[in-house]
Amino acid sequence: MADHQLPERLSPLEPEYHPGSHGNFEHGVDVILSETRPGSILQLAAWPSEEKRLIEAIRKVTGLALPDGAGGGVSNGGRAAFGFAPGKFTVVDEAEGLAAAFAGAITPAIGTLTDLSHGRTAIRIAGPKAEWVMAKFFAIDFALPAFPLGAGRSTNHHDIFAQIQRSGADQFDIYVFRSFARSFWKALCHASEEVGYEVQ
Amino acid sequence: MLITCPYCGPRDVIEFTYQGDGNRERPQPASQNLDAWNAYVYDRLNPAGDHNEIWQHSGGCRSHLRVVRNTLTHEIRSTTFARGGHKSADNRAEGRS
Numbered sequence: 263m264a265d266h267q268l269p270e271r272l273s274p275l276e277p278e279y280h281p282g283s284h285g286n287f288e289h290g291v292d293v294i295l296s297e298t299r300p301g302s303i304l305q306l307a308a309w310p311s312e313e314k315r316l317i318e319a320i321r322k323v324t325g326l327a328l329p330d331g332a333g334g335g336v337s338n339g340g341r342a343a344f345g346f347a348p349g350k351f352t353v354v355d356e357a358e359g360l361a362a363a364f365a366g367a368i369t370p371a372i373g374t375l376t377d378l379s380h381g382r383t384a385i386r387i388a389g390p391k392a393e394w395v396m397a398k399f400f401a402i403d404f405a406l407p408a409f410p411l412g413a414g415r416s417t418n419h420h421d422i423f424a425q426i427q428r429s430g431a432d433q434f435d436i437y438v439f440r441s442f443a444r445s446f447w448k449a450l451c452h453a454s455e456e457v458g459y460e461v462q
Numbered sequence: 015m016l017i018t019c020p021y022c023g024p025r026d027v028i029e030f031t032y033q034g035d036g037n038r039e040r041p042q043p044a045s046q047n048l049d050a051w052n053a054y055v056y057d058r059l060n061p062a063g064d065h066n067e068i069w070q071h072s073g074g075c076r077s078h079l080r081v082v083r084n085t086l087t088h089e090i091r092s093t094t095f096a097r098g099g100h101k102s103a104d105n106r107a108e109g110r111s
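As you go down the protein sequences, you meet chains A and B in turn.
Taking our numbering, I'd label the letters of the first sequence as residues 263 to 462.
Taking our numbering, I'd label the letters of the second sequence as residues 15 to 111.
Since the hints were made in silico from the structure, they are not lab data.
Source: prediction; values computed, not measured.
For glycine and all other residues, C-beta sits at the position ideal for the given N, C-alpha and C.
One or more of the hints may lead you astray.
[Stated by the list, open to error] Reference listing, derived: stretches of chain A covered by chain B, where coverage requires no fewer than 3 residues with Cβ under 8 Å from a Cβ of chain B: (1) 339 to 350; (2) 408 to 419.
[Said to hold, decoys possible] If you want a taste of the chain B side facing chain A, the calculated C-beta under 10 Å gives, among others: (3) CYS19; (4) GLY23; (5) GLY73; (6) CYS75; (7) ARG76.
[Stated by the list, open to error] Per label pair, the in silico range of CB-to-CB distance: (8) A:ALA357 with B:GLN33: 39 to 45 Å; (9) B:ALA50 with A:THR298: 52 to 58 Å; (10) B:ALA44 with A:LYS398: 48 to 54 Å; (11) B:ARG58 with A:LYS398: 36 to 42 Å; (12) A:PRO310 with B:SER45: 23 to 29 Å; (13) B:ILE28 with A:SER283: 30 to 36 Å.
All chains, please: the whole structure from these sequences, using the hints.
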């Protein structure tokens, strides 16, 4: 494969991304919002009955061992993976080039690989009120027993699809379409005003 | 109304798209049996009670589901993946190996 000069990636949030404390923060900041800007965001899909081989390929390439079960996932800081649909997984790496690393591992007999690194925007919400703010957006259960660490969920907020991974006890990573990301970000900021938020 | 997706768990009905009566059997595409096509397009059981339906979890995992819904109470009796264990809509072989 020829070497490509990757284009510089610009944040779609930039015009609305204002680092600092906002909203009702006089009594403390209860959520921290940030854009994590991972270098690689991939979608892997297994053909029927090939799911186990795909999970094994993910383990070989990334070192991430996906647990069994719907929506199971794992997050180790720099890399993350989770199921978002039957036989389908999102795999994220803070470094670029993960698609190339998978090229030999996901054979056509196993499934498909789609590089969404430029098509999704990753937004992180963390803090003691993260569950509270998320619950205003999405009609799913964000309590830790129902949404365990590392797990992924597919849902949407007013037609903006969102894949959500719990990357900490009080931290979620939200993957949204890049073209809707700024609108989603503005809504998330408005929703966070009541608890006081900081953009990092 | 909540529908329990076999993958995602219970979700609000707003995440789902109704895809029609699950009792229909589509004739082979080349079929010229007009009665069969007429039945496929127009004939409905319209039961007052349990009804087989096809839904898609379009606002979530995007799976197609077979749902049994009670048309009187809206109770969802069962949800399973549409894939497998049933002929596809146009009777083609399912899956690949």
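Hints violated by the structure (numbers, ascending):
none
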